[in-house]
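Peer 1: Can you build the whole structure from these sequences, using the hints too?
These protein sequence lines map, in sequence, to chains A and B. The opening position of the first sequence corresponds to residue 1 in the working numbering, with each subsequent residue numbered one higher. The opening position of the second sequence corresponds to residue 1 in the working numbering, with each subsequent residue numbered one higher.
Incorrect hints may have been included.
Sample of chain A residues facing chain B (criterion: CB under 7 Å; computed from the structure) [as the list claims (entries may be wrong)]:
| no. | residue |
| --- | --- |
| 1 | Glu-639 |
| 2 | Arg-700 |
| 3 | Ile-778 |
| 4 | Leu-783 |
| 5 | Ser-810 |
| 6 | Asp-813 |
| 7 | Phe-817 |
Hint data in this document are derived by calculation from the structure and do not stem from the laboratory. Positions of the beta carbon are idealized from the N, C-alpha and C atoms, including for glycine.
2 protein chains.
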Amino acid sequence: MSKYVYSFGNGTADGDGQMKDVLGGKGAGLAEMSRAGAPVPPGFTISTEVCNIFFQNKGAVPDEIETQVDEGLALLESRLGKKLGDAADPLLLSVRSGAKFSMPGMMNTILNLGLNDKTTEGLVAKTGNARFAYDCYRRFIQMFGEVALNIDMAKFDEAFDARKHKAKVKLDTELTAEDLKAIIADYLKVVKKETKKDFPQDAKEQLKLARNAVFGSWWTPKATYYRKMEKIPDDLGTAANVQAMVFGNMGDDCCTGVGFTRDPGSGEKVFYGEFLVNAQGEDVVSGIRTPQPISQLKDWNAEVYDQLVTITSSLEKHYKDMQDFEFTVQEGKLYMLQTRNGKRTGPAAVRVAVEMEKEGLIDAKTAVLRVAPNQLDQLLHPVFDPASLKKLVKLTTGIDASPGAAVGRVAFSAEDAVVLAEKGPVILLRKETTPDDIQGMDVARGILTAVGGKSSHAAVVARGMGRPCVVGAGAISISERNKIATVEVGGKTVTVNEGDWISIDGTTGAVYQGQADTKDPDPNSPTFATFMKMADKFRGKFGVRANADIPRDAKVAVSFGAEGIGLCRTEHMFFAEDRIAHMQAMILANNEKDRRKALAKLLPMQRRDFAGLFTAMDGLPVVIRTIDPPLHEFLPKREELMVDIAVLPYADIKKKRELVSKYANFGVDVKTLKTVLPALLHRVEELHEFNPMLGLRGCRLGVLYPEITEMQARAIFEAAVQVAKKGKKVLPEVMIPLIGGVKELANQKKIVVDVATEVLAKADMKKLHYMVGTMIEIPRAALTAGEVATEAEFFSFGTNDLTQTTMGLSRDDYTKFQREYEDKKIFTSDPFGVLDQEGVGKLVKMAVDAGRATRPDLEVGICGEHGGEPSSVAFCYRIGMDYVSCSPYRVPIARLAAAQAAISGDGSESSRTA
Amino acid sequence: MSKYVYSFGNGTADGDGQMKDVLGGKGAGLAEMSRAGAPVPPGFTISTEVCNIFFQNKGAVPDEIETQVDEGLALLESRLGKKLGDAADPLLLSVRSGAKFSMPGMMNTILNLGLNDKTTEGLVAKTGNARFAYDCYRRFIQMFGEVALNIDMAKFDEAFDARKHKAKVKLDTELTAEDLKAIIADYLKVVKKETKKDFPQDAKEQLKLARNAVFGSWWTPKATYYRKMEKIPDDLGTAANVQAMVFGNMGDDCCTGVGFTRDPGSGEKVFYGEFLVNAQGEDVVSGIRTPQPISQLKDWNAEVYDQLVTITSSLEKHYKDMQDFEFTVQEGKLYMLQTRNGKRTGPAAVRVAVEMEKEGLIDAKTAVLRVAPNQLDQLLHPVFDPASLKKLVKLTTGIDASPGAAVGRVAFSAEDAVVLAEKGPVILLRKETTPDDIQGMDVARGILTAVGGKSSHAAVVARGMGRPCVVGAGAISISERNKIATVEVGGKTVTVNEGDWISIDGTTGAVYQGQADTKDPDPNSPTFATFMKMADKFRGKFGVRANADIPRDAKVAVSFGAEGIGLCRTEHMFFAEDRIAHMQAMILANNEKDRRKALAKLLPMQRRDFAGLFTAMDGLPVVIRTIDPPLHEFLPKREELMVDIAVLPYADIKKKRELVSKYANFGVDVKTLKTVLPALLHRVEELHEFNPMLGLRGCRLGVLYPEITEMQARAIFEAAVQVAKKGKKVLPEVMIPLIGGVKELANQKKIVVDVATEVLAKADMKKLHYMVGTMIEIPRAALTAGEVATEAEFFSFGTNDLTQTTMGLSRDDYTKFQREYEDKKIFTSDPFGVLDQEGVGKLVKMAVDAGRATRPDLEVGICGEHGGEPSSVAFCYRIGMDYVSCSPYRVPIARLAAAQAAISGDGSESSRTA
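Peer 2: Here it is, written out as C-alpha cells:
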C-alpha cells in the first residue's frame with residue numbers, strides 16, 4: 001500500500017528534507033527540522049499525490065487515504081495528549097498548503113481548526129482567556145467560511161463592522177469577549193444564510209473540508225497565474241500540512257516572526273527578520289501592522305533569541321543554504337513553524353554563493369549553480385545617476401525591499417497598471433499589495449507601498465521577480481479609489497496623480513517625483529567578478545560573444561566579458577541620418593552604374609564603422625553580416641505616400657511645404673511634388689511585398705545586386721588592413737544571411753573572397769586570416785546543412801528568423817493570438833524568448849550534426865536572441881555549439897548559463913530556487 | 001586510351017543506338033542504321049565528351065583526339081575512295097550537331113565542307129554541273145562564314161541581293177553559273193573584310209573550325225533557353241557528326257525529305273511526311289518552300305518510295321517506337337540521313353502507345369512509359385465550342401500542325417509576345433518562325449504561321465511544347481514590321497492589328513477573327529480510356545484525388561478519374577456575394593455572441609455546399625479543410641480605406657455616393673461615412689499583418705474563435721447526415737490547417753469530435769465513419785510529426801505553404817528574383833511548380849516516416865499543387881504516400897505519373913522522349 005500521510009514531531013519524522021516532490025517544500029522542511037531536533041509543533045503532511053488523486057477523482061479521496069489521515073491524526077493526538085473535538089481540552093490544528101516550489105500567499109491556509117460551539121467553551125476554561133478563545137473561534141469561522149465554504153469575505157466584514165458600530169468602538173482590540181461572542185453568533189448566521197447549512201460542528205468534518213479547500217486552491221486564478229509566471233508545472237499539486245496550533249497571540253509573552261539567516265536583499269551575513277508581539281503569522285506577512293526588526297527580539301526575550309539563532313544557523317549548515325524561517329513564541333516557548341531555502345535578489349544570490357564557498361559550506365560547483373542566470377539581470381541593469389536626482393523632489397524614503405532603480409508612471413491598481421503598461425513604464429503604487437495584485441506587479445517596472453516591511457507580500461514577490469521595490473513608505477497617503485496620493489514635503493503637500501512620473505530606488509528606499517536618469521551598472525564589483533571567474537572556470541572553451549553594431553556597444557560587451565562579436569548588423573548603419581539618402585539613391589537607381597555611384601559614397605562610411613569595431617575588439621573575432629533587410633524599409637511607407645498623393649490636389653501651400661520637407665531626400669520642391677511623389681510610389685510599389693519576411697532580403701539582395709556585397713566586402717577588408725597595419729589583431733568572419741542552400745552561399749562567397757584576395761594582395765597582407773560563413777535561419781538551409789558546410793567555414797543560427805519560418809509564425813504579428821496560445825497551453829513559453837527545443841531545436845541539432853559531418857572543424861554559434869536566454873544557452877551547450885552571442889547586457893547571464901550547463905549538463909532545473 | 005571518334009558506314013559502325021550519351025541522338029541513330037544495313041552515307045561521330053573537353057580547355061582539343069579525328073577521316077576517305085581537298089574529285093562533308101536529347105534547330109550545321117576555289121572547279125568537272133557546284137560553294141561560304149567565322153548573315157545577303165539586282169533577276173533560281181561565280185567572289189571579299197583574313201582554303205582547317213563551331217553552338221542563347229525550358233542538363237554537351245555529303249539538289253532526279261512512321265499529330269498508323277524535289281534538307285525544315293506530301297513520292301519514284309517504307313518500318317520495329325527520319329535521294333539513289341524516336345503530340349503519344357501495345361510491338365509497361373504525363377494536358381484542355389464559332393469570321397484554314405484550341409491577342413514578333421503575354425493570352429502570328437523565336441513561342445497560347453508545313457520549325461517546336469499551332473496559312477499577308485496582317489474573306493479585306501483577338505484550332509487548321517468560346521474536352525474517348533486503364537493497373541493502391549471546392553468541380557474531377565476530394569477549401573465559399581456580408585459581420589463582431597449570430601447565418605449555406613459535395617462524391621472520401629485565410633482578406637483593403645478617408649473631407653456628393661456604394665456591406669450612408677470608415681479602418685488596422693502568410697490564419701483562427709470551427713464542423717456533419725439518409729455513402733475527412741504541433745490539432749480536433757458526436761447521436765448515425773487529420777504545411781509540424789500522429793488520423797502535405805516556410809520564400813513575392821535565381825542556377829526549377837526534393841522533400845519524407853512510426857495506418861497524401869506535377873508525384877509514390885491530390889484537369893496526369901513511378905520506381909527520366 002502506498003504511503004500518503006507522513007507524520008512529524010517529537011524529534012522524529014516519517015519524511016525528510018529531500019522529499020519535496022511528495023511533501024512539498026513546507027512539509028519537507030517540517031520533517032527535516034523535526035528530525036534535526038528543532039522545536040516543531042507535531043503534525044502530519046498529506047502528500048502532493050493525494051492532491052492529484054483528489055482532482056482525478058473529481059474531489060473525492062479514496063478510503064485507504066482517509067484511513068491514513070485518521071492514523072496520522074491519532075498519532076498527533078497521542079503525542080500531545082489532546083483530542084480533536086474534545087470539549088474539555090480541544091486539540092487545535094492549522095491546515096496549510098505547501099507545493100514543491102514556494103508560491104507565497106497564492107494558496108489557502110486555515111487556522112484554529114477544531115473549534116466549535118463546545119470546544120470554544122473548553123478553550124475558555126482551559127486558557128482562562130475568554131476574549132482570546134472567542135477571537136480564535138471568530139477568526140476560524142471567517143477563514144473557514146471564506147476558504148472552505150466559498151462565502152464572500154464581505155459578508156463577514158459587514159457583520160463585524162455592524163457589531164463594532166453597535167459597540168461604538170474603533171479598533172478591533174477594543175471589542176470585548178461578549179462582543180466577540182455576539183459576532184460569532186452573527187457569523188454562524190451568515191454561514192447558514194449563505195450555505196443553507198449550519199456551520200460544521202464536527203471537527204473531523206472541518207478537517208476534511210479544510211484539506212479539500214487547500215487542495216482546491218491549487219487552481220485559483222492567482223495561483224495559476226503565478227505558476228505560469230514562474231514556470232512551475234501545473235501537475236505538481238500541493239501537499240496539505242496539518243499541524244498542532246501554537247499561538248503567538250495569547251498575550252504579551254507571545255510573538256510571531258519570520259527571518260532569514262542572511263540578508264535576502266544584499267546577501268550580507270547578518271541575522272535578518274522581523275517579529276510582532278501578540279500576533280499571528282498572517283499579521284506579519286500581510287503587512288497590516290509594521291513589525292519590529294528581529295534584533296529587538298533579543299531585548300524582548302534573550303533566551304528565545306539565542307535559541308532561534310542557534311537553531312536557524314544549524315539549519316543553514318544542515319541545508320547548506322540561506323534559510324527563510326517562520327517561528328512563533330507561545331507563552332515564552334519557541335516553536336519553529338517553517339524553514340526553507342530563502343528567495344533572494346540577484347546581488348544577494350551572488351554574494352551568498354561567493355561567501356558560502358569561501359566559508360567552505362559549499363563547493364564552487366554548487367556556488368555557481370546557486371544563482372539563477374536571469375538573477376544577474378539585477379546586477380546589470382542601470383542605477384540612478386546621482387546628478388539627475390538633484391533636480392528632482394525627493395518625496396520620502398521607505399524600506400529598501402528589492403534593489404534596483406525604476407522609473408515609471410504611477411498606477412493605483414493592478415488593473416490600471418496592466419492597461420498603462422501597454423503605453424510605457426509603470427510604477428505600481430499601493431497601500432499594500434495582496435496576491436490578487438500579482439499581474440499588476442508583473443507588468444510594473446517597480447513597486448511602491450505605503451505600509452508593510454521587508455517580509456510583506458510586496459517585498460517577497462518583488463524580490464522574486466527582480467523588480468525594484470520600496471515598501472512601508474508611510475509618509476505617503478493614498479486614495480486608491482480617487483487615484484491620488486499626497487506627501488508632505490518640507491511643509492508643502494505634493495500631489496501624485498495617476499500617470500505622473502516617479503522614480504524609486506529599491507536599493508536605498510528613496511522615492512522621487514519625476515523622471516530620474518539612469519546609469520550603467522558596474523560589472524566589475526569584486527564579488528560579482530569573483531563569482532563570474534568561478535563560473536567561467538566550468539564553462540571551458542564554450543564561448544560567449546555579443547551582438548553589437550557600433551564600437552560603443554562593442555566596448556560595453558567586452559567589459560561584460562564578451563569574447564567576440566557574434567553579430568554585427570551592417571545595415572543598421574545605413575539608417576543613420578548622413579547615410580540614408582545615399583542608401584535611398586542606391587535603391588532608386590535604375591541600373592548598376594547608378595547603384596555603384598551611390599554605393600561608392602557609402603563605402604568610406606562602412607569602412608570607418610568596421611575599423612572602429614575591429615579596433616575595439618582587438619584580437620577577438622568579429623562576425624559581420626552582409627545586408628539583410630528588405631530595401632523598402634529604407635523608403636517612405638507605401639500607404640503614407642498613397643494618402644499624400646491622394647490629398648495633394650487639395651493641399652494648400654502650408655501642407656505642400658510640409659510634404660516637401662517630408663520628402664526632402666528625394667529632391668522635391670513645391671512644383672515637382674505631383675510628379676516626384678507618384679514616381680517614388682511607383683518604385684515603392686515595385687518593392688512592395690506581401691510577406692517581406694519571406695521576400696527580397698538577405699543574400700537574395702546580394703544575388704540580385706552583387707555590387708552591394710562587393711562594396712561591403714571591400715569596406716570590411718580595407719578596414720581590416722587599416723587596423724591590422726596599426727598593430728591590432730583582426731579576425732573578420734563574413735556572414736551571408738538567409739541562404740536556403742549551398743548555391744546562394746557559393747555565389748556570395750565568391751564575391752567576398754574575390755574582393756578579399758584583391759584587397760589583401762594590394763596591401764601585401766595575404767596571410768590575414770578571415771572566414772566566410774553563413775547564418776542558418778531558413779529551414780531548408782538547416783535541412784541541407786551537410787552541403788552548405790562544403791562552402792561555409794562557420795554556421796551561426798539566426799534563431800529569430802528560424803523560429804519564424806520553422807513555426808510559420810511572424811514575430812510582428814503573433815501577439816494577436818499569443819495570449820490565447822499560452823492560456824490554452826499550446827505555447828509553454830514565448831518561442832521568441834525561449835528556444836522551442838522540440839521543433840526549432842531539433843532542426844538546429846540536425847544542422848549542427850550534418851555540418852560537422854561534412855566539416856569537423858566547422859565553427860558553430862547562435863546569434864538569435866535566444867543566445868542570452870539560460871535554458872536556450874544550455875541547449876546550445878548540450879548540442880555542441882562553440883559559442884552563443886547575445887546582447888551586451890546579457891553576456892554575464894549567458895556565461896553563467898553556460899557554466900551551469902557544463903556542470904549539470906542542463907542548466908534549466910538547477911537555475912530554479914526551490 | 002579513351003575512344004573519342006566513332007566511325008559508321010558500309011553496314012557497320014563503332015557505336016550503336018544505345019550510346020546516346022556518347023554519340024548524341026543523331027550519332028547513335030546513324031550508327032544503329034548503319035549496323036542495320038540502311039543506306040547511310042559513311043562518316044564518323046566526335047563524341048559529346050570531346051565537347052566538354054573543348055569547353056574545359058577553353059576551346060582547345062588535345063592532340064590525341066585530333067589524331068583520332070584524322071583516323072576517322074582516313075577511314076571515311078578509304079570507304080568512299082575520295083579525299084578531302086582532292087582538287088580532282090573532292091570529298092564533301094556535312095558537320096552536324098547532335099545532343100543526347102533532340103534540340104531541333106537550336107545548334108549549328110555546316111554543309112558542303114571541303115569546297116574551296118580549287119575543289120569547286122573539280123566538282124564542276126566531275127558533275128558537269130557548274131551551276132550546282134558554284135551554288136554549293138556559295139552556300140558553303142555563307143554558312144561557314146556565319147557559323148564558324150561569326151559574320152553577320154546580312155553581309156552575305158546584301159552581296160547576294162546586289163548581284164541579283166545587277167543580273168536583273170527576281171528568283172535565286174534564275175541566277176546563272178556566272179552570276180554565282182561572281183557572288184562567290186563577293187562573298188570571299190566579305191569574309192576578308194569582316195575577319196581580316198582570307199576564307200580558309202585548307203579543307204582540314206575548315207573541318208576543325210566547323211567542328212568547333214558546332215561545339216560552340218551548345219552555349220548560344222537560344223540553345224541555352226531551350227535546354228532550360230526542356231529541363232535538359234547543361235553538362236551533356238553535343239556530339240559532332242561528320243558525314244559524307246549527299247545532294248538532294250543536283251537535279252530533278254534528286255530530292256530530300258523528312259517523315260514519320262506514324263502521324264505525329266494524331267498517332268494514326270500512316271506513312272507520313274513531306275519531300276521536295278531538287279532541294280536540300282534545310283529547304284524543307286525552314287518552311288521556305290512548301291513541300292509535297294510523302295504519298296506523292298510514290299508517283300515520283302516508286303522504287304525509292306518502297307525502299308523507304310521498308311527501311312523505315314524495319315527501323316520502327318527495331319527501335320520499337322515511331323521513327324522520325326530524314327532522307328535524301330541523289331541521282332535516284334536513296335540515302336538515310338537520320339532516324340530517331342519521333343516527337344509527337346499528346347494525343348498521338350497515347351494512340352501510338354495503345355496501338356503498338358495492341359500490335360504486340362511493346363508490352364503494357366513500355367506503352368505506359370511512352371507517354372510523358374504532361375503530354376496528356378493536350379488531351380485535357382478545352383476545345384472550341386462549335387456554337388460560338390458560328391458568330392466569328394473564319395479567316396482561313398491552314399495546316400493543322402499541333403492540336404488544340406487557342407485564343408489570344410495577336411503579337412507579330414517574339415519580343416512583342418513576351419511583353420503582351422504579361423497582360424493576357426497571346427497568339428504569335430509570324431510569316432515563319434525561326435529558333436530565335438523560341439521564347440515568344442513559349443509564352444504564346446498558340447502559334448500561327450503563313451508559310452511552312454507540318455515539319456516546319458513552328459510545327460515541330462509547337463508540338464514539343466504542346467501548343468496549338470496552325471502553319472502554312474498562306475491566305476494571310478503579314479507585315480511584321482508594320483504589325484499588321486490582312487486576309488481576303490469573301491471579297492473583303494479583313495485587317496488584323498497587334499492586340500486583336502484571334503482564335504486558332506490546331507486540330508483542324510481553322511483560324512477565326514475574335515474570341516471563340518472553349519468547351520471541356522471529352523476525357524472518355526476510347527483510346528484515352530484504354531490507355532488510362534492500362535496505366536491504372538500499374539498504379540495499384542496509390543490513389544489520385546482532386547482539389548475541388550464546389551460540386552461542379554467535383555463532378556469534373558470524378559469524370560477524370562479522381563478517387564476522392566483531397567482538398568476542399570471551405571473559405572472559398574465565403575467570398576460568394578450572398579455570403580461575404582455575413583462573413584464581414586462575423587469579423588467585425590466585438591464579442592462571441594455577435595460572432596455566433598453571423599456564423600448562424602453562414603451555417604445553412606455551408607451545409608448546402610457540403611451536401612452537394614458529398615452527393616457528387618458518393619462513396620469517395622472528401623477532405624474538408626477548416627477555414628484558412630487571414631480574416632483581413634474578407635475586408636476592404638487597408639490602403640484604399642486610408643486614401644478614401646483622407647480625401648473624404650474634399651469629396652463632392654458624387655464621390656460620396658460612390659463611397660457609399662463601395663462600402664455598402666458596412667451599412668453606411670452619405671452622412672455616416674465619416675464615422676463608419678474610420679471605425680472600419682480601425683478594425684482593419686487591428687487585423688493588419690506584416691506577414692499575413694505567417695500570421696493569424698489556419699487553425700490559429702479556430703483556436704482564437706472556436707465558434708468558427710464549431711460552425712464548420714456542424715455544417716459538415718449535418719450535411720453528412722442529410723446525404724447519408726438519402727442512401728449515399730459519405731466519407732468526411734476533416735482537415736485542420738497550419739498546425740505547428742500536436743497541441744493545436746488536439747484543441748481543434750476536440751471541437752470537431754464533440755460536434756460530430758452530438759450531431760451523429762441526434763441523427764442516430766453514430767456509426768458514420770469519419771476522420772480528423774491535419775495539413776502538414778509548417779516545418780515544425782513535419783519535425784514533430786511523430787507526436788502529431790498521436791492525434792491525426794491522416795496527414796495531407798500542403799506543399800505550397802510548406803515550400804514557402806521551408807525555403808523562407810513568399811510565393812507572392814519571389815518573382816522579383818526568380819529569374820536571377822534561375823539564371824544563376826540557384827533554382828534548377830520553379831520550386832512552386834516542381835517539389836524541391838532535396839529540401840522540402842526531405843522534410844516531407846521525415847514526417848511521413850515519423851507519422852507512420854506512431855500510427856502505422858496513418859493515411860498520407862499531398863494537396864499542394866505539386867500533386868499534379870509528374871516528378872513530384874513520382875516522389876510521393878516513392879516515399880510511400882497513399883495518394884496525391886491535384887486540380888481536376890491534372891488528375892489523369894497524376895494517374896499516369898504514378899503508374900510510371902510504380903513501373904520504374906521513378907517516373908522522371910522515363911517521361912522524357914529522347
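Peer 1: Tell me the numbers of any earlier hints that the structure contravenes, in ascending order.
Peer 2: Violated: none.
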